[in-house]
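Chain B: place on chain A using the hints.
Going down the list, the protein sequences come from chains A and B.
For the first sequence, the numbering used here begins at -12 and goes up steadily by one.
For the second sequence, the numbering used here begins at -12 and goes up steadily by one.
Derived by calculation from the structure, the hints in this document are not laboratory data.
Be careful, since some hints might not be right.
Which copy is meant is left open, because identical chains are indistinguishable; a pair holds if it fits in one copy or across any two.
Claimed, not checked - No farther apart than 30 Å at their CA atoms in a straight line, the calculated lysine-lysine pairs in the DSS-like style are these:
1) Lys218 <-> Lys281
2) Lys281 <-> Lys249
3) Lys218 <-> Lys305
4) Lys305 <-> Lys281
5) Lys(-1) <-> Lys114
6) Lys39 <-> Lys145
7) Lys145 <-> Lys249
8) Lys305 <-> Lys249
9) Lys249 <-> Lys218
10) Lys47 <-> Lys114
11) Lys336 <-> Lys145
12) Lys145 <-> Lys218
13) Lys336 <-> Lys351
14) Lys336 <-> Lys114
The lines below spell out each chain.
Protein chains: 2
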Amino acid sequence: MERSVRLSPLEKEQQLSYFETEVMNVLNWLATFSPDEEGGITRLLYTEGWLKTQQALQLKMDSCGLVTEFDNVGNLFGRLLGEDENAPSIITGSHIDTVIQGGKYDGAYGIAAGLLALEYLQRRYGKPKRTLEIVSLCEEEGSRFPMAYWGSGSIVGKRNFEQIVHLQDSQEVFFADAMQRCGFGEGIGRESRRDDIAAFIEVHIEQGAVLEQDGFSIGVVETIAGQRRMKFEVIGESNHAGTTPMPMRRDALEGVSMMILKLRQEALRIGAPLVATVGRLQVLPNVPNVVPGKVIFTVDARHADGQALDRFCQWVMKEFATLAAERQLEIEGTEWFREEPVPMNERLKQHMDDVCGQMGISSKRMISGAGHDAQMFEHICPTAMLFVPSRRGISHSPEEYTRPRELAVGVLVLTELLYRLGYEGEEL
Amino acid sequence: MERSVRLSPLEKEQQLSYFETEVMNVLNWLATFSPDEEGGITRLLYTEGWLKTQQALQLKMDSCGLVTEFDNVGNLFGRLLGEDENAPSIITGSHIDTVIQGGKYDGAYGIAAGLLALEYLQRRYGKPKRTLEIVSLCEEEGSRFPMAYWGSGSIVGKRNFEQIVHLQDSQEVFFADAMQRCGFGEGIGRESRRDDIAAFIEVHIEQGAVLEQDGFSIGVVETIAGQRRMKFEVIGESNHAGTTPMPMRRDALEGVSMMILKLRQEALRIGAPLVATVGRLQVLPNVPNVVPGKVIFTVDARHADGQALDRFCQWVMKEFATLAAERQLEIEGTEWFREEPVPMNERLKQHMDDVCGQMGISSKRMISGAGHDAQMFEHICPTAMLFVPSRRGISHSPEEYTRPRELAVGVLVLTELLYRLGYEGEEL
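So that you can see chain A by itself, here it is in the shape it has in the complex (with noise of 0.2 Å):
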């Protein structure tokens, strides 16, 4: 408990309302970078808003006094070099890729987080023991090229050039001619491959509504959940609409809206964090006067707990294959993507929780739907993930919004956290 006397209550105010300015600035300044047209914020990997606002991040750290890089992916680090500095690093930071018409949030806020913490911890408390590092992540969201957590996963060495030889964006340009063209590539710069990493940190907002709904500042994410992705495809009979009567149908569409309903009925059932979703879906022939001859439609399903997932899934195929079947219809499903859970370091859980605790901010514990960077940094170091409040819970949109006090709570927690583990020495 000694370490909330650090800091007093008007002191913390000072500080939320100090970030609270600071962080709006930056990201702001962010989302000049790359407007779209329409009110959003569209930044795809190696493209001329990418490197505009990458190469203004290492402008913006080499003037905080950090000592900048790009790895050879693009991935840019700022360091405050500490006493030892062959210890490895602390790293904070998320991605400054973005969705098509994304929100200036996602991503860039947990730039700006560690942009801020480590600004303000430089100033106030000089060289840390341990060297801290933000990363601007190069890329995370899959937006522009069929490939996800190019960034991280390059770091942890999930990711690599030999994955990326084939692939194209929607204008046909290859991947490593963008990425060549932004001046990375293989041999181009330091190995993104790193093995010196102590501990990865990511601030995000939440893309939920649950810290909102609940009424708490902060989220500390408990695991990553898994994810499943399946793919259905039923066949009934196309027919004429008007001379077609009901009992002698096989209508495809009328199938799949009984495997809907029965599979949100048994999302509920089983209940939180389990949630499943049919998010596209294609009838055809898809004409007014035409019974529906086929639909394809997928199904996404996560879960904090990999077996209790697929024990879901299974229970989806068997479902669907016996509503299909009462109904002579004909149904193929295949599972095209597997993600497992990722659980977060327990001790940083368990710092997070504590940090919150002793400077009176409301925080739980709670699953990550959402996949994120650090499901990646976890393979190589613990990692802690924390969220603050997103408004009604959109994400990926222009509408994205979090308040800046909500903002800065997530910053303060971050600076007091990176304080602890760089500065103190508190234990990993």
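Frame of chain A, contents of chain B only:
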């Protein structure tokens, strides 16, 4: 009963066997004019293939001794002049156009049947008491321009040149230009509007599977069903599929799935001849990992009783609104197409029942769920329709099929009916 004496079992068999060969000859011959690359027939209004088909049909009618004439929209008539040339005509026929990638029976069969009937009657019985006509109507499907029943509608005064002034096809060709290139249009040739028609009789494939399943040779159409088409837009909230707990969702697709099931349930409960179909459905944003925020879909409802149809549509509007409200979804529904049921002429139906009964041909009264040229003619004259079976109810497809013997039975019934009306002076 004396009439059944006219045709001995042997004669009936000979006549059927003759029609069986001839009707296939005519259908196969017509199919040679507008074959498409997918093995179907694509004969759109005022195309080169369409014009060649009508011109070839004119020659064929000429060679059968009929007096041929086009009207100014391209309907082709072949007259077998009667003793009383001033008496209104009895007309039979159907439309020569097809949908895109259609089959060779829809429309064409009614023309082939009429042609064979007139040719046979003339050859065997000579001049009728009153004029009999075969018509090859220029258009019914609405497949090229957003306009259906152009042929029959022009004859009965429900369609006119004013209505097509602004119409273009998908290649932006104006209706009037396409028409003139084929040698038709306002002021070119005989006015299409007629008021000298005593009766119209259309022979057509069923386009449903009722006759096949119930084992009848002929369907005597009781009524052409009325139609209502509605469009609904259901709005929920588009959210991240990973971060939005199930109970917090306002999933537009879940709501619409329930609507689709309730619609079918209620249509089944009310029973035939009501049919209701959700044929077109669009999900937004239609991305696997996003909870659907909006769904747009159509409802096509048909019934032989206009009031019952309206009651059903009112139920749909109310029930959908309730289902949406229960889920905090917004909904907007509009009726954008409305066609009243058209009962066929009772006396003609009775004549067809009698013909079938006396010739030992199994027939049943039935509702036509599809629209037909007959519904236009019924506005100006006693009208009747007879159906022959469609294999598996398939139509508007290259797989459309009716057995030659089944086609022949339809021609036989039509021939006998025209004999009674045109030669024996049976009352209309």
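Right, here's what the structure says about each hint:
Proximity of Lys218 and Lys281 under a CA criterion of 30 Å is satisfied in both settings, with 13 Å inside one chain copy and 21 Å between copies. For a Cα distance limit of 30 Å, the shortest separation of Lys281 from Lys249 qualifies both inside one copy, at 19 Å, and across copies, at 20 Å. For the homomeric pair Lys218 and Lys305, the shortest alpha-carbon distance inside one copy (14 Å) is at most 30 Å, but the shortest distance between copies (34 Å) is not. In this assembly of identical chains, Lys305 and Lys281 lie within 30 Å of each other by CA distance both inside one copy and across copies; the values are 19 Å within and 29 Å between.
For a Cα distance limit of 30 Å, the shortest separation of Lys(-1) from Lys114 inside one copy, 22 Å, qualifies, whereas the shortest one across copies, 109 Å, does not. Only within a single protomer do Lys39 and Lys145 lie at most 30 Å apart by alpha-carbon distance; the minimum there is 27 Å, versus 65 Å between protomers. Taking identical chains as interchangeable, the C-alpha atoms of Lys145 and Lys249 are never at most 30 Å apart, the minima being 37 Å within one chain and 48 Å between chains. Taking the closest pair of Cα atoms, Lys305 and Lys249 come within 30 Å of each other both inside a single copy (12 Å) and across two copies (24 Å).
In the homo-oligomer, the alpha carbons of Lys249 and Lys218 lie at most 30 Å apart both inside one protomer (16 Å) and across protomers (25 Å), since each shortest distance falls under that limit. Taking the shortest Cα distances, Lys47 and Lys114 sit within 30 Å of each other inside one copy (19 Å), while across copies they are farther apart (101 Å). For a Cα distance limit of 30 Å, the shortest separation of Lys336 from Lys145 inside one copy, 24 Å, qualifies, whereas the shortest one across copies, 76 Å, does not. Proximity of Lys145 to Lys218 under the C-alpha cut-off of 30 Å is restricted to the intra-copy arrangement: shortest distance 25 Å within a copy versus 48 Å between copies.
In this assembly of identical chains, Lys336 and Lys351 lie within 30 Å of each other by CA distance solely inside one copy; the values are 11 Å within and 76 Å between copies. When the C-alpha separation of Lys336 and Lys114 is checked against a cutoff of 30 Å, the pair qualifies only within one copy, where the shortest distance is 25 Å, while the shortest distance between copies is 100 Å.
Violation of the numbered hints given earlier is confined to hint 7; every other hint is satisfied by the structure.
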